[in-house]
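J.: For reference, the chains in residue letters:
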Amino acid sequence: MDHERKNRPLTSRHLLGLEGLAAEEIKTILDASEAMKEILDRPIKKVPTLRGVTVVNLFFEASTRTRISFELAEKRLSADLVNFTKIGSSVSKGETLLDTARNIEAMRVEVVVIRHQSPGAPGFLADRLHSVVINAGDGAHEHPTQALLDMLTLRQKFGDLKGLRVAILGDISHSRVAMSNVYGLKAMGAEVMLCGPPTLMPRNIDALGVKVSYKVDEAIAWADALNVLRLQLERQQSALLPSLREYALTFGITLQRLGKAKRTPVILHPGPINRGVEIESAVADSDASVILDQVTNGVAVRMAVLVLLSAPEVLM
Amino acid sequence: MESYILPDRLCLKNARLIDPALNLDQVGDLLLERGIITSVGSVSASGNTLSWNLNGAIICPGFFDLHVHLREPGNEVAETIRSGQESAAAGGFTAVAAMPNTTPPLDQAGVVRWVIEQASFFPVSVYPVAAITRGRKGEELTEMVELRQSGAIAFSDDGSWVLSAEVMRRALEYSLLVDAPIISHAEEPTLSKGGQMHEGEMSTRLGLPGLPRISEDVATLRDLMLAEYTGGRLHLAHVSTSGALAALEAAQARGVKVSGEATPHHLVLTDGAVVGYDTSTKMKPPLREAEDASSLWKAIKSGVIAAIATDHAPHTSEDKEVPYDEASFGALGLETAVALLWDHGVGKGLLDPFEMVRRFCHGPRAIVGLPIPALKEGAPVELTVFHPDEEWQVDKTRFYSKSVNSPFVGWKLTGRPWGILKGQRWAGRVEPKF
Ligand SMILES: [Zn+2]
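From first to last, the protein sequence lines stand for chains A and B.
The opening position of the first sequence corresponds to residue -10 in our numbering, with each subsequent residue numbered one higher.
The opening position of the second sequence corresponds to residue 8 in our numbering, with each subsequent residue numbered one higher.
In case anyone wonders, no lab produced these hints; they're calculated from the structure.
Be aware that one or more of the hints could be misleading.
[Stated by the list, open to error] Derived pair list, reagent style DSS-like, types lysine-lysine, alpha-carbon separation capped at 30 Å: (1) B/Lys20 with B/Lys419; (2) A/Lys146 with A/Lys251; (3) A/Lys204 with A/Lys175; (4) B/Lys200 with A/Lys204; (5) B/Lys200 with A/Lys200; (6) A/Lys16 with A/Lys146.
Just chain B, same shape as in the assembly (with noise of 0.2 Å):
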């Protein structure tokens, strides 16, 4: 995919713009000059400016996925920042957070400025989650001040838990000096021993070994204790079970700085995906149960989790087309999220457009302290382009993500992610026409 450089002035016209931070919900035109945006509602187009017919499609603030793996540098056959960003783009987000379980690891500052430094190339922007630990072991803290001069937004072991009670308390307190969330994986690593599913009944006739809930559960509820003990800030990765749910709803009551994101796959499905071993439904935390979802959505209305993160996580087919228990963990998201939140979430009452376009775009940001991109004049321009009623099949041929391990293959899906505008550039799975 190659990114389009935008006309000095283009008009956008025809779209639908929301923006809930401005209460906006209107179809209107939006003129882009050079990358801000100059006029929101009605455009009276002069003779010097290219105009786009949008045909009803949605504009809205960037989204910006807090939680991917983008394999590079280590894995380059699943997954390259460029590829990423590419499949990023494809599915409407501006901007991505890269977890540090690479290789090497993102542990050092030259990793970090080098992943940023790979990724100024494309439009969708990279920001780096270092790793807590040296090495993700678990042992000794990273050299947190420098890696956030260098870029770092956030600290996550994610792929494992900080099993040391005491290393996770020292990284929430140090944290506190350079205002960073810690990112927690929770999953209790002697629970889950040798677990390829949700254990459940599905677990039980399929002869999987489980992943069990309380695996999560009991991960989260020590995070959640040392966050509240130390005053750190916590960030609960894909949290995917109602215990866990009810927990972190207890200790924001509570005052504890603790927040939550939920994925599309766990919204979507339940372990009953997981029926004929595709191994595209085996990822960690696993599918859980319709209990758990019908949470989730409720959590994600409530704003109790605040942010929807993919966990894009790409493996090649050498790594999953294997049998289930030997495949390794993870699935594609980038590519279908919008689509999946408009249309099993919107489009079925679960959600309204503007808290979908919330936990996409205001949400993440506001847990890492980003900048909020805007549909106002002035503004820099930074947007999210999806059509809300055009239908599409998830096709694997057509990912730009270098991997095919999506549990949503073949899913036909209403409302179809176009692409971002970001500065001056347009880049997506749509040609622009202007």
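Chain A with its partners taken away, still in its complex shape (with noise of 0.2 Å):
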């Protein structure tokens, strides 16, 4: 059941990154969250606007909070959800994406959300599927709706977003989220600073128009806000990081840090958190953290891209 989009809020019918998203789209998208939250904060937090849209969640790779945040934005929406996860299907016994591609458009779902450890998978299905396709996060290349939660929070916070100071830490050669924070947040006017070992900084990543620094001190002094990335566990195997103990000690963000600079930066965290590794606990507890406000976020953003995307009274 493919609708002809007219008066369409977003230029694109998927959402696959924020690399080349207008300031103006992604203005409609955080608007729209924030009415997305007011249903949150309802007692009965259920509307009917995605009733008789059909949403799949594609799983290749785990990540149960990402996918219980999609679950829960298509439950409040009344939309019908079919789950694919890696474990347990087709999809590890060898069942190419191609085939998953053709079943899905032979079952003539509307939504698909994928989340897959190759960077472009879900523009791979984008090009051969009728469904509207979102990005729930594609290997080290875009994870458009957690950038968008995380301005979400940034614009409750500090009202607007343009000339925010916002440093990223950690891992950037394998974040996502770094990628379309970048994207999202320069279109958006604010600033950015990546900060990490230059083991984990890609390579021209400067090309980007960001301020790149290897002094975590450097990041929090200059910084309004400070998105800590959770560090993957096994990076200490290949050669890129010494031991797990240097990185905490050299960028784990404390108090004891914090309080050197003359005012605290917002702490953000894509989550979940490696307590004591990126962060200590005294700083992801404190007042200073909105991480509990990105989870709450997430849901709400994750309502407004699937309503912007699909919902029948935006395809009239």
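Put the two chains together into one complex; each comes in its own frame, and the hints tell you how they fit.
T.: Right, here's the structure in full:
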């Protein structure tokens, strides 16, 4: 069931990434997210907006948080949802992504939410399906809904993103969260600094118009907000890091380190947290932390994206 | 594609005849008699001579592709020796050198002879390149003397770099016995491990692990030093970085016996082509940056790079219609190379026609010591025919290759290969009219 969409609120039929999205489009999504958030504050947190719309959550990579957040968003909007996870499904039995795409096409679902380890996998589906495709994280490429919820959280805290200084800290070279945040924040007029060890900084990242620093104290002193990325614990097995201990000592965000700055930046973290590695508990649970707001905003942002891309009334 | 037997006397009329070795570039006719050129220039056709009006198509000495993967034996779904030959003829190549990374690999005389035998039914010559090491494992040398006697024209473990410097040293030394080059696929594998595309701004944007230029540069420098030390002949396959080019040029200036080749895709495309994750842009070495491509054009023009070679690497759609990081490395090359060099090289003033013909015909043959065809009376017929003005669109339904993994599908090109004349035969994309 392929609807001809007129007066589309977003230029693209899909949400594959934030690269190339205009500030106006991001604002549309964030404004819609505020409206969704209002629904989440009601005693009965369910609206019929997506009744009759079928959403497939296609998770090729384990991700409890993002999957649950999408599921909750879909349920709040009354969509019919189907979950495919890698474990125990045909995708773990050697079925190719192309076969998966053909099967989904045959099922005629309206929306596909995909998490995949391969960069570009959501685009691969979008090229082959009539369904709307939403990227829930593709390798080290993009994770647009995460960046949108980060921006929503920052906007709530600071009122405006323009001129805001956001430092993203950690394993930048393997981080889709960092990439989507860079594109989104830059589009909204914020300044971005990326900070982490040189071995975890991707090549030519400065071409994206960001500041780069290897000194965490410099990032803390500069930033209005600090987005602390989760460190994948296997990084020390390659030659990228000598030890988690040294990483924690050099880059871990601690109260002591924050205390050295004139003012404490707002702390974000996409979760799940490795307490004592990239961030100590006292910081994660402090007043400066907006980590739980991010979780709430995640559901609202995903509801907004689903509605803007697929709600029947926008499909007229 | 079938080949056509030519009449005993055939006059090719109204052609542009180009042979840089003879300083020849003129419109005229060519008389062919039973596989021999018997007249060049203006031919007054007698009664029993059939003629074919070429309407301005270029005839030049036959092009030779020093680097193709024919996939047979082992992966006949992607390509066979015959389909590769047809693809070569359609692209204007009279001969190709077949790389040894087949299954089994070309590491024994019997397999080399078998390939030559399989290729003998179609007018495109196939010259096998044998492996440097048994099983291409980089450990023990192959029996190079016997392989050379069986028809191998060079040695390469293409697809892999010979990791052990000791083995590569001995290969270069031992190759002095057989007077054939050792072809290096210069890729230091610990630096390129897991890489999917050139490491740079684009790989960062696309989230794909990088194949850094230093992987090629480090490997190139080691092999150049080994060639210099041993006196063996080294040929660098598919040079793609400006760093490797600079090292090659410096080594040639020192008198090291080393040559290099470049592919059309490294000349014409950059890593920007990977945007959109089209897996036909995935190959090794990867598409580099504009700066590398412009260094390559200069090296092609100056002759530091003596050969254009396609690295024709067919893959089935099962190997290519997958997410980018799961796809096989390699792209088709045979059917688009001539048009790309004519349109994007000669057409843009980066090469003149003589230089283009030299890099396709003379340069690659000199590297492996093959006789060079010529447009002169008494020479055997081995000719490439392409039309310089015809426009065409690369259409994946019209490849003679069994695969379709070309990054140029959909491109509009000026200059269309028609086919080849070899002995008393014609094979090509165009049907002969006489
Ligand atoms: Zn190679």
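J.: Hints first: check each against the structure and report whether it holds.
T.: Do the hints match the structure? See the list:
1. Of the pairs offered as hints, the one joining B/Lys20 and B/Lys419 holds, with about 28 Å between alpha carbons and a cut-off of 30 Å not exceeded.
2. With a CA separation close to 19 Å, the supplied pair A/Lys146 and A/Lys251 stays within the 30 Å bound.
3. For the given pair, A/Lys204 sits about 22 Å from A/Lys175 by alpha-carbon distance, which is consistent with the 30 Å threshold.
4. Restraint check for B/Lys200 and A/Lys204: satisfied, since their Cα atoms lie roughly 29 Å apart, inside the 30 Å limit.
5. Proximity of B/Lys200 to A/Lys200 is assessed by CA-CA distance (about 28 Å); at most 30 Å being required, the pair is judged to hold.
6. Restraint check for A/Lys16 and A/Lys146: the C-alpha separation of about 16 Å stays at or below 30 Å, so the hint holds.
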